[in-house]
Amino acid sequence: MENISKEKFQIIGVDKAEAERIARPRISYMQDAWRRFRQNKTALVAFVVLALLVFMCIAGPAISGYAFEEVDKGAVNQSPSGVHWFGTDKLGRDIFARVWVGGRVSMIIGLVGALISSIIGCFYGGIAAYFGGKVDMIMMRIVEILISVPYLIVVILMSIVLDSQGIFTLILAMCATGWCGTARLVRGQMLQIKSQEYIMAAQGLGVSPSRIILKHMIPNTLNVIIVAITFDIPNYIFSEAFLSYLGLGIQPPNTSWGALAYAAQTQFLFYPYQLLFPSLAIALTMMSFTLMGDGLRDALDPKLRK
Amino acid sequence: MAKYILKRLGLMVLTLWAVVTVTFFMMRAIPGDPLAGMARSLPEQTKANYYAKYGLDKPLFEQYLIYLKNMVRGDLGESLQFPGRSVTDTILETSPVSAAVGGIALCIGLILGVGAGILAALQKNKWPDYIVMFIAILGITIPVFVLASLLQYLFAVKLQLLPTSGWGEPKHMVLPVIVLSFSTIATYARYIKSSMLDTLGQDYVLTARAKGLSEFQVVSRHVMRNSLLPAITILAGRIVGIFTGAFVTERMFSIPGIGFYYVSSINNNDYTMILGTTVFYAALFIVVQFIVDFIYTLVDPRIRIVPDKN
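If you read the sequences in order, they're chains S and Z. The first sequence stops at residue 306 when you use my numbering, and every number in between is there. The second sequence stops at residue 616 when you use my numbering, and every number in between is there.
Some hints could be false.
Pairs of lysine-lysine, BS3-like flavour, derived with a Cα cap of 30 Å [what the hints assert, rightly or not]: (1) S:K41 with Z:K432; (2) Z:K517 with S:K41; (3) Z:K309 with S:K134; (4) S:K6 with S:K16; (5) Z:K313 with S:K194; (6) S:K134 with Z:K313; (7) Z:K309 with Z:K375.
If you're looking for bench data, these hints aren't it; they were derived computationally from the structure.
For reference, chain S alone in the conformation it holds in the complex:
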């Protein structure tokens, strides 16, 4: 210790302004989420697969060169080949074109259904959480009653009553009680946030309620909602397939993945490829949404940060 001379030390001083300088560029919440989402390889692959599927649903029917409802008596039940990439069905319709046209219906039902039920759920849950007390209790009792009926039974019943044949009535039937889950989720999240310290701090600082809702409540609930939507979409696609499979869904000449699978079912033992392609599309879509949902959940929730 003694052989270090005093001259080796010097006072360099402290620049107070410098201490406050932020060293790294600011990263917004969404940028941060995107950065972490990118690190998750599985979720990224799922996202790419999904983008491809959506692209094919938009462009696929045009690429095939056949109209999806075009009947060709000369080419019935043909195996996949260079002419018909996915083969043809029992009326000689090109399955490649049909799978992507059906995909449009399935995707639209999934997206619109999940979106509508999330919006209803948000408002319902938000109102219940905001007012609290009696209003909350009554609203949540109603949800409890609605939720205690098996979802698919409700959907089946609704589609019988609505005589659903098209996309619109089908979505209506599926949204009838589909929003209940989101409502519960949003209410729970809102109540949890309401009791957090930073809300108390904001209130203590005199921030107006509308600003608290806009700045704290909504952004912090949004991540939960986005994840819920990602998991809801495959459920809607699945329900549609299920309904079509029971003969309650999309009716010809329109088609969907479920309807295609249902049609292929009758001659599955002889022409397995007719079932293969639509079910592959369903499985891929569901898988991608599920894996992407997992990734989004990890990316959007700061509490899961490791």
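The hints should help you fit chain Z onto chain S, whose structure is shown.
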């Protein structure tokens, strides 16, 4: 505790009543009446007799009261498609078949699912974990009817080991049980894995390790107990999943269960049958949910019922 049970029972009755009422009026709101298709070609007097037979000549609200009264007595009416066949009898005859297949599927699904979940959690980021998670993802994403077709094709057509469909012998149950248990395996494997991982990170597990317990004791005594308990909560959903999954499997494998008749009554517009079966399903689900919740409060001391603050 007694107060809680009474409250839940009251809510159950209320829910069931709401379901019956809504379903009843919804079914009546369908354009045309239940007999319209059949009665069109009949002479006026015969038609009137038919309507009187099913009580459809009375005002709607009176029909509803009669239906409620009969329902309490256990009479859900008579099938429109098959005159003389009572809905209650059909449910009583067919539900044991579904319950047998579903029960076996549920047990197998639970055992395999929980086992796979534990394995995946303990071997995290090694190949058993990857295999289990791959199967779990498949189980969640492959629709029931696709899996059923694949198995029929593989085991019945290609390998000729099992019959494609039918009912009566144990070998007829193999494929439907596999199909029905698959999604339960997948759901439970995923759930148990995350629940196990959650528990493994808890302080008391660290304490258990620190005081020198063997790995086996740590896992079996501290981790398993605490991570298996929450799994009870998703049981109700799985039971319903098996019942609704049966709509498809029973039809595909020609099993004379309740799902088979439910689907055929939908296709035949057999309104009393649809109404009766829906009420039955709803009642079943409500009761199952109650039992599952009740068991959970019994086994998990953390959520013992505390009296409401207000």
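Evaluation of the provided hints:
1. S:K41 with Z:K432: holds (17 Å)
2. Z:K517 with S:K41: violated (39 Å)
3. Z:K309 with S:K134: holds (20 Å)
4. S:K6 with S:K16: Judged against 30 Å, a Cα distance of about 26 Å means the pair holds.
5. Z:K313 with S:K194: holds (28 Å)
6. S:K134 with Z:K313: holds (17 Å)
7. Z:K309 with Z:K375: Answer holds: K309 of chain Z to K375 of chain Z is near 28 Å, not above 30 Å.
Checked against the numbered hints given earlier, this structure breaks only hint 2.
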